[in-house]
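Asks: Since the structure of chain A is provided, determine the placement of chain B on it from the hints.
As given, the protein sequences belong to chains A and B, one line each in that order. When we follow numbering that gives the first Met the number 0, the leftmost residue of the first sequence carries the number 0, and every step to the right adds one. When we follow numbering that gives the first Met the number 0, the leftmost residue of the second sequence carries the number 0, and every step to the right adds one.
Just so you know, these hints were derived from the structure itself, not from any lab. Treat the hints with caution; some may be incorrect.
Pair by pair, the computed Cβ-Cβ distance ranges are [what the hints assert, rightly or not]:
#, chain 1, residue 1, chain 2, residue 2, range
1, A, 116, B, 47, 31 to 41 angstroms
2, A, 155, B, 606, 29 to 39 angstroms
3, B, 121, A, 119, 56 to 66 angstroms
4, B, 94, A, 19, 21 to 31 angstroms
5, A, 116, B, 82, 41 to 51 angstroms
6, A, 117, B, 646, 52 to 62 angstroms
7, A, 116, B, 675, 28 to 38 angstroms
8, A, 130, B, 61, 18 to 28 angstroms
Don't be surprised by glycine CBs; every beta carbon is placed ideally from N, CA and C.
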Amino acid sequence: MTKRLMTFRINGAERTLALEPQAILLDALREDANLTGTKRGCDMGTCGCCAVIVDGVARLACLTLASTVQGREITTIEGVGAGEMDPLQRAFHEEGGSQCGFCTPGFIMTSKALLDHTPDPSEHEIREAISGNMCRCTGYVKIIEAIQRAADERRGAKNPLIHVEGVAP
Amino acid sequence: MKLDPTPRAKDVVAYPDAGTENWEPYRMPLAPGHHPHYPPNGLKLLGKSVPLVDGAAKVTGQAVYTDDIKLPNMVVAKLVRSAKAHARIASIDVSAAEAMPGVVGVLTGLEMRPEQRFGVLPLTKDEHPLALDKVRHIGDPVAIVCAEDEWTAIEAAKAIRVTYEDLPEYLDPAKGLKPVAEKIHAEIGVDGTNVQKYVDQVFGHPEEFLEGGQSALVLRRQFRFKGVTHAFTEPHCVIAHHHPNGRLTVWSATQVPYYVHRALAEVTGLPMHKIQVVRPKVGGGFGGKSDPFGFEMATALLAMKVKRPVKLLFDREESFINNRGRHPTETEMALAFDEAGSITALDIQAVIDGGAFASFGIISTYYNGVLSMGPYKVPNFTYKGRRVYTNHMPSGAMRGHGAVNSRCAVEVLLDEAAEQMGMDPIDLRLRNLMPPYSFTLNDFRITSNGLKECLERVRERSGWDHKLRQLPVGRGIGLGCGFYISGSNLPIHWDIEPRRYPQSTVHIKIDMDAGVTVHTGAAEIGQGSDTVAAMVVAEVLGIDINRVRVYSGNSDTAPIDLGSYSSRVTFMMGNAARKAAEDIRQQLIQAAARKTGQQIEHFVLENERVVSLSNPEFQMSFDEAVKEAIAGSGALVAKGTFISTPMGGKFKGATAGLAPAYSMNAYVAEVDVDIDTGVWRCRKVWAAHDCGKVLNRLSVEGQIEGSIHMGLGQVMTESLEYRLAQLRTSNLLDYKIPTPLEMPEVECILVESNDAEGPFGAKEAGEGPLLPILPAVVNALYDAVGVRLYDLPVTPDRLWAAMQRNGGAKKPAGFRPQPMVRLRGGGEE
Numbered sequence: 000m001t002k003r004l005m006t007f008r009i010n011g012a013e014r015t016l017a018l019e020p021q022a023i024l025l026d027a028l029r030e031d032a033n034l035t036g037t038k039r040g041c042d043m044g045t046c047g048c049c050a051v052i053v054d055g056v057a058r059l060a061c062l063t064l065a066s067t068v069q070g071r072e073i074t075t076i077e078g079v080g081a082g083e084m085d086p087l088q089r090a091f092h093e094e095g096g097s098q099c100g101f102c103t104p105g106f107i108m109t110s111k112a113l114l115d116h117t118p119d120p121s122e123h124e125i126r127e128a129i130s131g132n133m134c135r136c137t138g139y140v141k142i143i144e145a146i147q148r149a150a151d152e153r154r155g156a157k158n159p160l161i162h163v164e165g166v167a168p
Numbered sequence: 000m001k002l003d004p005t006p007r008a009k010d011v012v013a014y015p016d017a018g019t020e021n022w023e024p025y026r027m028p029l030a031p032g033h034h035p036h037y038p039p040n041g042l043k044l045l046g047k048s049v050p051l052v053d054g055a056a057k058v059t060g061q062a063v064y065t066d067d068i069k070l071p072n073m074v075v076a077k078l079v080r081s082a083k084a085h086a087r088i089a090s091i092d093v094s095a096a097e098a099m100p101g102v103v104g105v106l107t108g109l110e111m112r113p114e115q116r117f118g119v120l121p122l123t124k125d126e127h128p129l130a131l132d133k134v135r136h137i138g139d140p141v142a143i144v145c146a147e148d149e150w151t152a153i154e155a156a157k158a159i160r161v162t163y164e165d166l167p168e169y170l171d172p173a174k175g176l177k178p179v180a181e182k183i184h185a186e187i188g189v190d191g192t193n194v195q196k197y198v199d200q201v202f203g204h205p206e207e208f209l210e211g212g213q214s215a216l217v218l219r220r221q222f223r224f225k226g227v228t229h230a231f232t233e234p235h236c237v238i239a240h241h242h243p244n245g246r247l248t249v250w251s252a253t254q255v256p257y258y259v260h261r262a263l264a265e266v267t268g269l270p271m272h273k274i275q276v277v278r279p280k281v282g283g284g285f286g287g288k289s290d291p292f293g294f295e296m297a298t299a300l301l302a303m304k305v306k307r308p309v310k311l312l313f314d315r316e317e318s319f320i321n322n323r324g325r326h327p328t329e330t331e332m333a334l335a336f337d338e339a340g341s342i343t344a345l346d347i348q349a350v351i352d353g354g355a356f357a358s359f360g361i362i363s364t365y366y367n368g369v370l371s372m373g374p375y376k377v378p379n380f381t382y383k384g385r386r387v388y389t390n391h392m393p394s395g396a397m398r399g400h401g402a403v404n405s406r407c408a409v410e411v412l413l414d415e416a417a418e419q420m421g422m423d424p425i426d427l428r429l430r431n432l433m434p435p436y437s438f439t440l441n442d443f444r445i446t447s448n449g450l451k452e453c454l455e456r457v458r459e460r461s462g463w464d465h466k467l468r469q470l471p472v473g474r475g476i477g478l479g480c481g482f483y484i485s486g487s488n489l490p491i492h493w494d495i496e497p498r499r500y501p502q503s504t505v506h507i508k509i510d511m512d513a514g515v516t517v518h519t520g521a522a523e524i525g526q527g528s529d530t531v532a533a534m535v536v537a538e539v540l541g542i543d544i545n546r547v548r549v550y551s552g553n554s555d556t557a558p559i560d561l562g563s564y565s566s567r568v569t570f571m572m573g574n575a576a577r578k579a580a581e582d583i584r585q586q587l588i589q590a591a592a593r594k595t596g597q598q599i600e601h602f603v604l605e606n607e608r609v610v611s612l613s614n615p616e617f618q619m620s621f622d623e624a625v626k627e628a629i630a631g632s633g634a635l636v637a638k639g640t641f642i643s644t645p646m647g648g649k650f651k652g653a654t655a656g657l658a659p660a661y662s663m664n665a666y667v668a669e670v671d672v673d674i675d676t677g678v679w680r681c682r683k684v685w686a687a688h689d690c691g692k693v694l695n696r697l698s699v700e701g702q703i704e705g706s707i708h709m710g711l712g713q714v715m716t717e718s719l720e721y722r723l724a725q726l727r728t729s730n731l732l733d734y735k736i737p738t739p740l741e742m743p744e745v746e747c748i749l750v751e752s753n754d755a756e757g758p759f760g761a762k763e764a765g766e767g768p769l770l771p772i773l774p775a776v777v778n779a780l781y782d783a784v785g786v787r788l789y790d791l792p793v794t795p796d797r798l799w800a801a802m803q804r805n806g807g808a809k810k811p812a813g814f815r816p817q818p819m820v821r822l823r824g825g826g827e828e
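For reference, chain A alone in the conformation it holds in the complex (with noise of 0.2 angstroms):
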């Protein structure tokens, strides 16, 4: 099918690609964009590993037609901390919330939309929101405390308490 030119606003700048009509956003960015950041693990929106953010809402890049987000403000992993790690990307690092890796692009970019909305969220609500994203290395122990630590320093938290209480009622 004849491709035709898409414009974006991907991780602050504007981005010009020539995809199919069809074209899906996990495709244009993987494949035309460079940004391999973003993971393919399914193509069916059931391991999150390509969430990415559009207009501050996670999305699931593999879910999501290329033509439906024009002109919108898409984040993807290589648009966090800009060069350097932010609290989020290094307390996963730090607090092992990331094994493989390769689920950790897409958890960063839920939980990021996540503090983005809610700054101050409680367990239970730090798990309903990665609920959609798998990971299989590390049973989300390490990430929920990541999340956690994460969202205490990004709201100048003196000292960050992690601490997990199980599974909220």
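Replies: For chain B alone, kept in the frame of chain A given last:
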């Protein structure tokens, strides 16, 4: 279950004289806090929590996985997969596909030669790159096609016409025990059956205790375990490129680059030195990326044919079809006890559904039996294992390989026996504990054993003594223990004589930049093997870990390591890295002594300096010491190797389950059951694991928490379900993995038994931590609602139905714990 004896007499192992004299300790344990591997000035780094050395790349999206690699002029491949479960291939018509614009090349099974045969174990090579003459499961690859773009490749794959002649399908492993009309693999299996592996073992005189009056209690139960799969987040991916200079490079998301390397050499006919295997970052393996796979071979052959780089990426369903997950298994187990509660005999019979290929099946079959005795003293033992080929997806090695299902059965039987004998389940296990530094009935050499401490600590931390049978109806607590190998003692080097070659070799190089380069073939798959290598080297050399860079992903530079399976990396590569670093340390100390005129015995390396302990005036920086050592002789190099000690019995199969050390663990799980619906959740797990010595606390905890998650999936929701031969749970919606909402709180209790041979005292923590969670949950559910399910997973509907049959949820009747020791007073709940 009444299994016939193996038809081959040479398969029978009978050791009637095996007995308890083997329980004599053979070596005294090390004093706590001391180890011959410690540097003279003590440990500075090991034991702390160290983030992964490749972690920064992962959290910033810069880590490169196989699918992130694009080569110039690369084409995209797709597999044509069988729609039949068992059929002879009559014809393959590729003409329509080849005629499509954009199609670059096609390869079919009809172009394979019979001798292009491979398989992970040298004894059972039953795979070809593409199905040679017949297909053996739905999804069995029959052809591969590559094109300029993915959509053209998909269309071309659809255009390839395969005609089949149907053969009888074998889906029930029990039917494969008898002679069949058409064996799934003609060349493997005796007497016309589909049995791939028989194991028949008898140690001591189990029959006297299982049937006669010599035991006070004999419990015999049937267990059924569904197949489960690894479900790593990164689907399989491979890229192959045959360079104009004649060399073949294969990038693959594999746990064992060395086995891929060997299989490629066999299949392509190229000598090993003409092949380079590159392992980029791997998005999880758990055993599912440890076989060399047909799709890797087919992609390489296609790349050689079309003379262009070829990439093949699986979709999620293909990763499910490729499987090699935990075997669906029917297990009958009997445990016998004397009046005092000591185990007198263990009897296991297992029919194991192997699926279409052998994979690690010989080992899986043994492990279902031989790893079930430890961590207990079992004076009489018998095992009949049958791994049967079926037309299901091939099973293989998955975290806790072979041991998980039987372990669950043993621990559930122990819980039941404790109740019947009026004993506390923890006390029953303490009574039967295998002592440290002893031998098992089948000649496993047991070294360090911290299980007693594990049991004592979970008892205290969980509040066990005032919870068991004392929580309200619907809430319960249960115990499970585990026992697992720290690497296989027998190195599998394929067809060459294994004992002569090391299990792991590590090279270190230091040049004028004074950075420390470590080369190893141990596969970093997310478990932190690069990090543990860097930590060990930094510890021995007294340097900052950031001075160390680990190169582990390229067969051209990496000395051979058997890869990431059987929980072997920390133990074996860790020891090899330690020895290489000790060699470098000696070179640096010699240089410092030469320069300062002091004696070499007085120098230590710490804080990035080489310091004389007797006279601290004499010291120099690490950089200065390196330059001094290099002067006149060039870059420092060193090599460390690990070959495990010869050990084990002389009988057939004696090497199966032999390991240089064993991890031990005890978990207590607390569960809540909604008694109206059967919906249950695990509230908390107290997980005590004896890993010998914690090297990286962050990684050990991460392995325990991840293992609990994976094991919880098997007992809660995960199951490979078929409709006839068609896998119907082939995606992550239907195959239900616990989400963050199901994951319980975990309290990791790390026990350090200080193993004499493990690096700095360490043993494994990668697979053993999965074993206890299944039985701990099953036993906790019994404590909560009074019904015990012997079939996994325990789905709400099945739990609810069992409660109804039992007259509703209730606390188990007729038993109150009588613990020998009360750790705390009064029931608080």
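Asks: Hint by hint, say whether it matches the structure.
Replies: Consistency of the hints with the structure:
| no. | hint | result |
| --- | --- | --- |
| 1 | A:116 <-> B:47: 31 to 41 angstroms | 36 angstroms, holds |
| 2 | A:155 <-> B:606: 29 to 39 angstroms | 34 angstroms, holds |
| 3 | B:121 <-> A:119: 56 to 66 angstroms | 58 angstroms, holds |
| 4 | B:94 <-> A:19: 21 to 31 angstroms | 28 angstroms, holds |
| 5 | A:116 <-> B:82: 41 to 51 angstroms | 47 angstroms, holds |
| 6 | A:117 <-> B:646: 52 to 62 angstroms | 57 angstroms, holds |
| 7 | A:116 <-> B:675: 28 to 38 angstroms | 36 angstroms, holds |
| 8 | A:130 <-> B:61: 18 to 28 angstroms | 27 angstroms, holds |
Checked against the numbered hints above, the structure violates none of them.
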